[in-house]
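Keeping the supplied structure of chain A fixed, place chain B upon it in accordance with the hints.
First to last, the sequence lines map onto chains A and B. Residue numbering for the first sequence follows our numbering, starting at 1 and increasing by one per position. Residue numbering for the second sequence follows our numbering, starting at 1 and increasing by one per position.
In case anyone wonders, no lab produced these hints; they're calculated from the structure. None of these values were measured; they are calculated from a predicted model. Don't be surprised by glycine CBs; every beta carbon is placed ideally from N, CA and C. A few of these clues could be false.
[Said to hold, decoys possible] SDA-like cross-link-like pairs, simulated, lysine to any residue; straight-line CA separation at most 25 Å:
#1 255/A / 144/B
#2 255/A / 96/B
#3 255/A / 28/B
#4 208/A / 6/B
#5 255/A / 148/B
#6 255/A / 152/B
#7 255/A / 151/B
#8 208/A / 65/B
#9 98/B / 175/A
#10 255/A / 94/B
#11 208/A / 151/B
#12 255/A / 95/B
#13 255/A / 64/B
#14 255/A / 66/B
#15 208/A / 66/B
#16 255/A / 78/B
#17 208/A / 72/A
#18 255/A / 65/B
#19 255/A / 88/B
#20 255/A / 100/B
#21 255/A / 87/B
#22 208/A / 63/B
#23 208/A / 24/B
[Stated by the list, open to error] Sample of chain B residues facing chain A (criterion: CB under 7 Å; computed from the structure):
#24 28
#25 33
#26 37
#27 58
#28 81
#29 91
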Amino acid sequence: MLKPGEKSVLVLQSSPKSRRLTARAVAATGAHCVAPPTGEESTQALANGPLDVLVVDWENAALAQQAVKLNPRLEVVLLTDRPAFERYAEDIMDLPMSSMIVSSFVAVPDANDPVATRELVTTVAKLFTGDIFGLEKYMGWGAAIREQEIRASQQAEGIVQSACEDAARSGMPERELSSLGLLVDELCTNAVWDAPVDAEGQPRYADKSRAQPVALAPNEYVTVRYGSDGNLFGVSVSDNFGRLDQDLAVRYIRKCFRHNDQQVSKSAGGAGLGLYMAFNSVSSFVINVDPGVRTEVIGLIRLGRAPKPPAGESLGTSRSLCYFRTKRPKKGE
Amino acid sequence: MQAKRNLTWRFVDSADLPTCVLEGIVGEDAGLDDLVPDIKGPARFDLSGVARINSTGVREWLRFVEAINGKGPHRLFRCSAPIVAQLNMIDNFRGSAKVESVIAPYYCEACGHELATEVTIENNTPKLPSPACAECGETMALDEMPARYFYFLSY
Numbered sequence: 001m002l003k004p005g006e007k008s009v010l011v012l013q014s015s016p017k018s019r020r021l022t023a024r025a026v027a028a029t030g031a032h033c034v035a036p037p038t039g040e041e042s043t044q045a046l047a048n049g050p051l052d053v054l055v056v057d058w059e060n061a062a063l064a065q066q067a068v069k070l071n072p073r074l075e076v077v078l079l080t081d082r083p084a085f086e087r088y089a090e091d092i093m094d095l096p097m098s099s100m101i102v103s104s105f106v107a108v109p110d111a112n113d114p115v116a117t118r119e120l121v122t123t124v125a126k127l128f129t130g131d132i133f134g135l136e137k138y139m140g141w142g143a144a145i146r147e148q149e150i151r152a153s154q155q156a157e158g159i160v161q162s163a164c165e166d167a168a169r170s171g172m173p174e175r176e177l178s179s180l181g182l183l184v185d186e187l188c189t190n191a192v193w194d195a196p197v198d199a200e201g202q203p204r205y206a207d208k209s210r211a212q213p214v215a216l217a218p219n220e221y222v223t224v225r226y227g228s229d230g231n232l233f234g235v236s237v238s239d240n241f242g243r244l245d246q247d248l249a250v251r252y253i254r255k256c257f258r259h260n261d262q263q264v265s266k267s268a269g270g271a272g273l274g275l276y277m278a279f280n281s282v283s284s285f286v287i288n289v290d291p292g293v294r295t296e297v298i299g300l301i302r303l304g305r306a307p308k309p310p311a312g313e314s315l316g317t318s319r320s321l322c323y324f325r326t327k328r329p330k331k332g333e
Numbered sequence: 001m002q003a004k005r006n007l008t009w010r011f012v013d014s015a016d017l018p019t020c021v022l023e024g025i026v027g028e029d030a031g032l033d034d035l036v037p038d039i040k041g042p043a044r045f046d047l048s049g050v051a052r053i054n055s056t057g058v059r060e061w062l063r064f065v066e067a068i069n070g071k072g073p074h075r076l077f078r079c080s081a082p083i084v085a086q087l088n089m090i091d092n093f094r095g096s097a098k099v100e101s102v103i104a105p106y107y108c109e110a111c112g113h114e115l116a117t118e119v120t121i122e123n124n125t126p127k128l129p130s131p132a133c134a135e136c137g138e139t140m141a142l143d144e145m146p147a148r149y150f151y152f153l154s155y
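Same shape as in the complex, but just chain B:
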């Protein structure tokens, strides 16, 4: 395990590919260069714990993606909302990696309860769940326009 000021990562057991869990803030001091040697082949990255990625962090991430691209194909899963924002905005943010799932915001129109839940992506299409609200039992809906939140699937 490598610890830096604002970003940490650890590898967890997985039956499939080596799985790396990233948590914290991706900034210029993220130290992702130190992670590159640990990626020896195709890997999965759990990005649900990435709370923020700032502008210099985007540049660090792109360098990281470029450095590991040849060892893929990699998979990104449980991408947090800040990661989804960058997927939608920045050219080549995921490199050649496939996005397996994202964390998406859900909202209950009846009582205002909010939920962040995992949405899987199959055949380049989000499989939107319809969870019941934990507060009032009504069906919750995605709190974003699908075309906007999943824009990265269109290019």
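Extracted from the complex, chain A is given alone in its bound form:
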């Protein structure tokens, strides 16, 4: 029985270990969490409702489709391992989910990944509260976050260099520094050239060459924030337009899962690869949108390694893609 105001989460994970770890993380948000061990009990739990969040693995993804049909306001978090993500990426992108966390901790016996656990807690708490913005939600307390503003496109490269210098001082390995540089480069490019629209909603700079300098109007200034907490180096880039909807983001990201001559836009303006390249540079990619008001894209890069299985093939780094949208109550709600 739910207490008044208590949120309800159903965890459907096939592996008992994953189920236990996931339920433990979800319970940290104060939610009422149910994690049934069998398919029959899962179906029963889905029918019992009401549910706020459903956390599923790939094996239970079909149940998510049914659940969202029954309850369109249900938030779905997919928690799966990297091999499943790499094999089924395109199908995964079709799921009615708000967040996807690909992490070794759900697949590796005896591995517990505090970074992935914290991200799951943050994800579920953001879905509950609607308080979605802020790099700090992903960083340990005490992390110093630096903030810089872009008022003209030429400033972006200086911010890339500055972020990389800070990251190098934070102990980021050389190979990750190039990923960080690409992340900041692409996010700033999107925010400067693609986000701004005029009063009629028409893009102001999207069709211009990225080599052509752009001076932004005050309402177009871009905010870049970055810092390290010793485990993660995080970057957030915000614009004041809130135009990056989930379908658009997924469409851009998924086109690079397949190799063909449609990958790269040959028209003027951007090449259409920026979002994917940014996503591909990080372990966690978070898109926060208040439609028409603000977009904040966050990229997190691990400074250390994700836990590996005790033996056998490495599962690689963890990865996530989370999309959060500010919900406004409809009339009468």
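Relative to the frame of chain A, chain B by itself:
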């Protein structure tokens, strides 16, 4: 030698083919169009100094590859990690060029030391070295799944 804002290149003496060394960032302002006339026949490209290639840089690179493809066969060698990422992700990134070697990340499980070292490719197969760690002497291992890092060899 041609210098642009973020990308430079120079030709170095080579007993084999003309060798062009690229260094810096490949973006929309890379100016690779200016390099096309200098490629008069088969050439080798040392890409170890390419620190970053962004989305518009990929488009510039593809145009460059298309422009010089007919003058090949070309060879790419010492491809940096950012270049390897694009080889793995972007259709036709290398055109008809052959990849001779890449720079690959190595890691020492014993002490955490990292190393970027050249891995040659022969008969479409990476010849993975087993370098000794400069810090502790233990054998270092590739810090990536081979199938993932060398995915471009599979298509």
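Right, here's what the structure says about each hint:
Restraint check: the Cα-Cα separation between residue 255/A and residue 144/B comes to about 24 Å, which is no more than 25 Å; the hinted pair holds. The straight-line distance between the Cα atoms of residue 255/A and residue 96/B is roughly 23 Å, inside the 25 Å bound, and the hint therefore holds. Under the criterion of a C-alpha separation no larger than 25 Å, the hint pairing residue 255/A with residue 28/B is consistent with the structure, at around 21 Å. Restraint check for residue 208/A and residue 6/B: the C-alpha separation of about 19 Å stays at or below 25 Å, so the hint holds.
Taking the CA atoms of residue 255/A and residue 148/B, the gap is near 19 Å; set against the 25 Å cutoff, the hint holds. Using a Cα cut-off of 25 Å, the hinted pair residue 255/A and residue 152/B holds, with the two alpha carbons roughly 17 Å apart. For the suggested pair residue 255/A and residue 151/B, the alpha carbons sit about 18 Å apart, so the restraint of at most 25 Å is met. Pair hint residue 208/A plus residue 65/B holds up; C-alpha atoms about 23 Å apart against a cutoff of 25 Å.
Taken as a hint, the residue 98/B and residue 175/A pair is honoured in the structure, with Cα atoms around 24 Å apart against an allowance of 25 Å. For the hint linking residue 255/A to residue 94/B, the alpha-carbon distance of about 19 Å falls within 25 Å, and the restraint holds. For the hint pairing residue 208/A with residue 151/B, the CA-to-CA distance comes to about 34 Å; that exceeds 25 Å, so the pair is violated. For the given pair, residue 255/A sits about 20 Å from residue 95/B by alpha-carbon distance, which is consistent with the 25 Å threshold.
Between residue 255/A and residue 64/B, the direct Cα distance comes to roughly 22 Å. Compliance with the 25 Å bound is thereby established for this hinted pair. Pair hint residue 255/A plus residue 66/B holds up; C-alpha atoms about 22 Å apart against a cutoff of 25 Å. This hinted pair checks out: residue 208/A and residue 66/B have alpha carbons roughly 23 Å apart, not beyond 25 Å. With a C-alpha separation of about 28 Å, the suggested pairing of residue 255/A with residue 78/B is violated against the 25 Å cut-off.
Distance hint between residue 208/A and residue 72/A is unfulfilled; the C-alpha atoms sit about 39 Å from each other, more than 25 Å. The straight-line distance between the Cα atoms of residue 255/A and residue 65/B is roughly 21 Å, inside the 25 Å bound, and the hint therefore holds. Proposed proximity of residue 255/A and residue 88/B is supported: the alpha carbons are some 14 Å apart, at most 25 Å. A distance of roughly 28 Å separates the Cα atoms of residue 255/A and residue 100/B; the hinted pair therefore is violated under the 25 Å criterion.
This hinted pair checks out: residue 255/A and residue 87/B have alpha carbons roughly 16 Å apart, not beyond 25 Å. For the proposed pair residue 208/A and residue 63/B, the alpha carbon gap of about 18 Å is at most 25 Å, so the pair holds. The hinted pair formed by residue 208/A and residue 24/B meets the criterion: a straight-line CA distance of about 23 Å does not exceed 25 Å. Proximity of residue 28/B to chain A holds as hinted, the smallest CB-CB distance being about 4 Å (cut-off 7 Å).
For residue 33/B, the interface hint is violated, since its Cβ never comes within 7 Å of a Cβ in chain A; the closest pair sits about 12 Å apart. Taking 7 Å as the C-beta cut-off, the interface hint given for residue 37/B is violated, the closest approach to chain A being about 20 Å. At a threshold of 7 Å, the smallest CB-CB gap from residue 58/B to chain A is about 6 Å, leaving the interface hint in force. For the restraint placing residue 81/B at the interface with chain A, the shortest Cβ-Cβ distance is roughly 6 Å, inside the 7 Å limit, so the hint holds.
Below 7 Å, beta-carbon pairs count as interface contacts, and residue 91/B has one with chain A at about 4 Å; its hint therefore holds.
Violated hints, in rising order: 11, 16, 17, 20, 25 and 26; the structure is consistent with all others.
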